[in-house]
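Asks: Letter by letter, the chains look like this.
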Amino acid sequence: MQGRRSFLRGCGAALATCAAPTLTWADVGAPVLLAAARDRDDRFTLYGINRQLDICFRIPLPGRGHAAAAHPARPEAVAFARRPGTFALVIDCSAGVVRQRLDAPPGRHFYGHGAYIDDGAVLVTTENAFDTGKGQLGLWDTTAGYRRIGEIASGGIGPHEIVRLPGTQTLAVANGGIRTHPDRAREKLNLATMRPNLTYVNDGQLVAQVTLPRDLRQASIRHLSARADGAVAMAMQWQGPDDQVVPLLGIHRAGQAIDLRSADDTLQRRLDGYAGSVAWSGDGTRVAITSPRGGVAHIFGDDPAPTVLARSDVCGVAAFAGDFAFTDGLGGMLTPVGLRRMAVAWDNHLVPIV
Amino acid sequence: MIRILVFMLAASPAFADVDAVIDRHVLPRVETFAAASGRLADTPCEVDALKPAFVDAATAWAGMSHLTLGPVETLGRGRSILFWPDTRDATGRGLRLLIGQGETAWTPDAIATASVAARGLGALERLLYERDAQPCDLTLALTADLAASAAAIRDGWTSEFADLMRTAGAPDNTRFLAPEEVEAAFYTSLVTGLEFLIEQRLGAPLNTYDDPRPLRAELRRADLSAPMIAAQIEALLELTRQLGPAPDAEKSLTDALMRARAIDDPSLAGVADPMARAPIAAIQSLLGAARRQIESEIGTKMGITAGFNALDGD
Chain A
1 MQGRRSFLRG CGAALATCAA PTLTWADVGA PVLLAAARDR DDRFTLYGIN RQLDICFRIP
61 LPGRGHAAAA HPARPEAVAF ARRPGTFALV IDCSAGVVRQ RLDAPPGRHF YGHGAYIDDG
121 AVLVTTENAF DTGKGQLGLW DTTAGYRRIG EIASGGIGPH EIVRLPGTQT LAVANGGIRT
181 HPDRAREKLN LATMRPNLTY VNDGQLVAQV TLPRDLRQAS IRHLSARADG AVAMAMQWQG
241 PDDQVVPLLG IHRAGQAIDL RSADDTLQRR LDGYAGSVAW SGDGTRVAIT SPRGGVAHIF
301 GDDPAPTVLA RSDVCGVAAF AGDFAFTDGL GGMLTPVGLR RMAVAWDNHL VPIV
Chain B
355 MIRILVFMLA ASPAFADVDA VIDRHVLPRV ETFAAASGRL ADTPCEVDAL KPAFVDAATA
415 WAGMSHLTLG PVETLGRGRS ILFWPDTRDA TGRGLRLLIG QGETAWTPDA IATASVAARG
475 LGALERLLYE RDAQPCDLTL ALTADLAASA AAIRDGWTSE FADLMRTAGA PDNTRFLAPE
535 EVEAAFYTSL VTGLEFLIEQ RLGAPLNTYD DPRPLRAELR RADLSAPMIA AQIEALLELT
595 RQLGPAPDAE KSLTDALMRA RAIDDPSLAG VADPMARAPI AAIQSLLGAA RRQIESEIGT
655 KMGITAGFNA LDGD
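As they're listed, the protein sequences go chains A and B. Under the working numbering, residues 1 to 354 are what the first sequence spells out, in order. Under the working numbering, residues 355 to 668 are what the second sequence spells out, in order.
Watch out, some of these pointers could steer you wrong.
[As the list claims (entries may be wrong)] Some residues of chain B that are not near chain A, with every Cβ distance over 10 Å (derived):
{"hint": "1", "residue": "379"}
{"hint": "2", "residue": "407"}
{"hint": "3", "residue": "423"}
{"hint": "4", "residue": "427"}
{"hint": "5", "residue": "429"}
{"hint": "6", "residue": "430"}
{"hint": "7", "residue": "437"}
{"hint": "8", "residue": "485"}
{"hint": "9", "residue": "528"}
{"hint": "10", "residue": "538"}
{"hint": "11", "residue": "542"}
{"hint": "12", "residue": "581"}
{"hint": "13", "residue": "608"}
{"hint": "14", "residue": "619"}
{"hint": "15", "residue": "657"}
{"hint": "16", "residue": "666"}
[As the list claims (entries may be wrong)] Here are some, though not all, of the chain B residues that point toward chain A, as calculated from beta-carbon distances under 7 Å:
{"hint": "17", "residue": "453"}
{"hint": "18", "residue": "456"}
{"hint": "19", "residue": "533"}
{"hint": "20", "residue": "535"}
{"hint": "21", "residue": "668"}
Calculated from the structure, these hints are not laboratory results. Since this is a predicted model, take the numbers as computed values, not measurements. Glycine included, every Cβ here is placed at the ideal spot set by N, Cα and C.
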């Protein structure tokens with residue numbers, strides 16, 4: 001009896017962690033990548049993949065998502081519905097089940113990305129307050145069943161990917177600049193006046209913001225990758241005239257202007273004005289953007305010109321070992337430890353577990 | 355290229371004969387375009403001699419324009435061979451700019467760095483059919499530039515890309531991890547080629563019944579709009595036969611080809627006339643049927659997932 005009481009007292013402070021033993025990613029096979037895919041029979045699945053490219057788990061999803069966010073410690077992920085989705089799913093990667101559904105508050109929809117801060121205590125989601133068009137960041141308390149605990153301005157219109165700068169509580173947000181309304185599908189309502197930006201947020205405050213040069217104001221900043229030293233790589237999607245060839249990769253370091261990287265016009269044109277994902281290499285020496293439309297990835301290092309990787313429908317990219325992993329719609333997974341091909345179509349994003 | 359050690363899952367048996375598609379479809383067509391462009395570049399600056407050579411080069415391009423995979427995309431040549439559709443008249447503006455720049459801009463080297471809209475078949479059409487091939491230096495620079503692109507595409511196929519396809523699944527081949535990826539690439543060429551025919555080559559001038567756009571027809575000044583369509587249908591029928599069997603699609607394409615050849619309105623000006631429009635619209639409908647038949651007769655057997663990410667756009 002005494003034993004049971006003290007057990008209950010001990011649990012009072014942290015009921016959630018007592019209810020089940022505290023698991024880590026190591027307990028589910030130490031995956032380093034999360035990737036969603038469509039099977040041949042049109043079902044969607046979330047895969048966990050380890051350093052040897054073995055599949056640690058596969059968890060059925062109710063439909064096609066956009067991206068996922070991996071909890072930094074617990075084997076837990078949040079998968080977002082495709083834009084303009086109004087729900088996200090909290091997935092328990094040890095039990096292999098969807099544990100909870102997060103609904104966007106009235107008047108908001110998700111943009112498909114999120115990031116954890118405070119050692120995973122808080123999930124931050126990019127959202128559209130669609131009646132005003134204002135970008136918002138939703139805050140969810142993961143220690144209290146993902147209770148919504150507030151929201152802050154994203155600093156622009158159309159916030160898409162959000163990443164935490166390693167070793168800090170600072171978030172970088174890609175405000176794509178494109179206003180949409182769920183009643184009008186993915187129709188872009190403000191292409192003539194759009195002004196995307198990269199915004200840094202810390203402790204609820206906008207702490208810095210940078211924009212692209214004026215002639216690139218129709219380059220929608222969508223996807224981000226942060227390096228250990230805080231350098232942020234951003235991938236753009238061009239909304240301007242299609243005979244114009246523009247840079248689709250920018251690198252930003254605090255206090256500096258955005259460093260634009262581009263191939264020569266001939267190679268650059270092949271990207272079709274569209275970069276779908278971006279990632280720093282594991283060793284931080286290179287940065288890659290993917291263009292599924294062009295079937296090509298450009299990898300930039302010290303040389304001004306990129307190395308080109310030709311791969312149909314390539315889109316997912318993430319740091320892997322010291323290098324990159326790429327995934328594509330043909331089921332290919334290209335990594336420094338091997339090439340894999342599965343009978344699936346890998347979805348847009350490859351999410352590193354860090 | 356990223357450093358990659360190799361591990362391959364066993365590939366399932368191939369459905370189509372990749373070698374046959376390369377040897378009997380791709381290589382002859384890229385060679386035909388290179389040869390026709392070469393003859394155009396060898397033609398002196400006489401408009402009566404240039405026009406038939408131009409027609410041969412343009413229709414040879416229509417016969418391989420669906421082969422955007424490989425060298426055409428690697429070299430970024432597609433748009434510089436024919437900048438069309440061109441709803442903003444970028445070709446007209448680019449060409450006026452080039453003419454205004456004077457003879458220093460009228461060399462193949464200068465052309466190679468000019469706006470893609472002012473290069474290739476579209477710019478040549480304006481010069482031959484609206485300006486009597488004047489200035490000659492510009493005309494000759496453009497034909498030389500086109501021939502260089504066509505030769506680079508042919509060489510890219512024969513020296514590298516064909517082998518990359520034939521060695522799908524080989525240890526260092528990141529482009530094609532398995533033979534079925536080559537099939538999928540050809541299937542994608544077939545379907546995107548058909549869609550280009552339906553939506554652009556036919557769809558741009560047809561537009562809607564109430565709002566036809568005859569001035570949007572491809573290479574209409576040269577009376578090539580209908581011949582380009584026929585040339586592409588012929589090429590896609592050939593590819594369908596090699597990726598098939600696809601009897602229903604072959605029948606639709608054969609019918610569409612017959613009708614396209616029978617059109618007595620090479621610039622498709624008739625899209626604005628209800629009577630003349632009907633046979634043109636009928637070709638579009640047949641191609642729409644072929645598109646669906648190809649999906650069911652070829653695509654489902656291949657388990658195709660092409661464009662999963664490319665078409666998502668987020």
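Asks: Beyond 10 Å from every Cβ of chain A: is that where the Cβ of residue 657(B) lies?
Replies: Given a closest Cβ separation of 6 Å, the condition is violated.
Asks: Are residue 535(B) and chain A close enough, Cβ to Cβ, to be under 7 Å, as the hint says?
Replies: Interface hint status for residue 535(B): holds (6 Å vs cutoff 7 Å).
Asks: Mind verifying the non-interface call on residue 619(B)? Its CB should be farther than 10 Å from each CB in chain A.
Replies: At roughly 30 Å from the nearest Cβ of chain A, residue 619(B) sits farther out than 10 Å, so the non-interface label holds.
Asks: For the hint on residue 453(B), does the least C-beta distance to chain A fall short of 7 Å?
Replies: 19 Å, violated
Asks: Find the nearest Cβ of chain A to the Cβ of residue 437(B) and say whether that gap is larger than 10 Å.
Replies: About 8 Å separates residue 437(B) from the closest Cβ of chain A, which leaves it inside 10 Å; violated.
Asks: Can we confirm that no CB of chain A comes within 10 Å of the CB of residue 542(B)?
Replies: Answer for residue 542(B): violated, closest chain A Cβ roughly 7 Å.
Asks: For residue 528(B), which was marked as not at the interface, is the minimum beta-carbon distance to chain A over 10 Å?
Replies: 6 Å, violated
Asks: Beyond 10 Å from every Cβ of chain A: is that where the Cβ of residue 427(B) lies?
Replies: The claim breaks: residue 427(B) does not keep its Cβ more than 10 Å from every Cβ of chain A (closest is about 6 Å).
Asks: Taking 10 Å as the cut and beta carbons as the points, is residue 485(B) off the interface with chain A?
Replies: 22 Å, holds
Asks: Closest CB-CB distance from residue 581(B) to chain A, is it above 10 Å?
Replies: 26 Å, holds
Asks: Any CB of chain A closer than 7 Å to the CB of residue 456(B)?
Replies: 23 Å, violated
Asks: Once the shortest beta carbon distance from residue 668(B) to chain A is found, is it less than 7 Å?
Replies: 6 Å, holds
The structure fails to meet hints 3, 4, 5, 6, 7, 9, 10, 11, 15, 16, 17, 18 and 19 from the earlier list, while all remaining hints are met.
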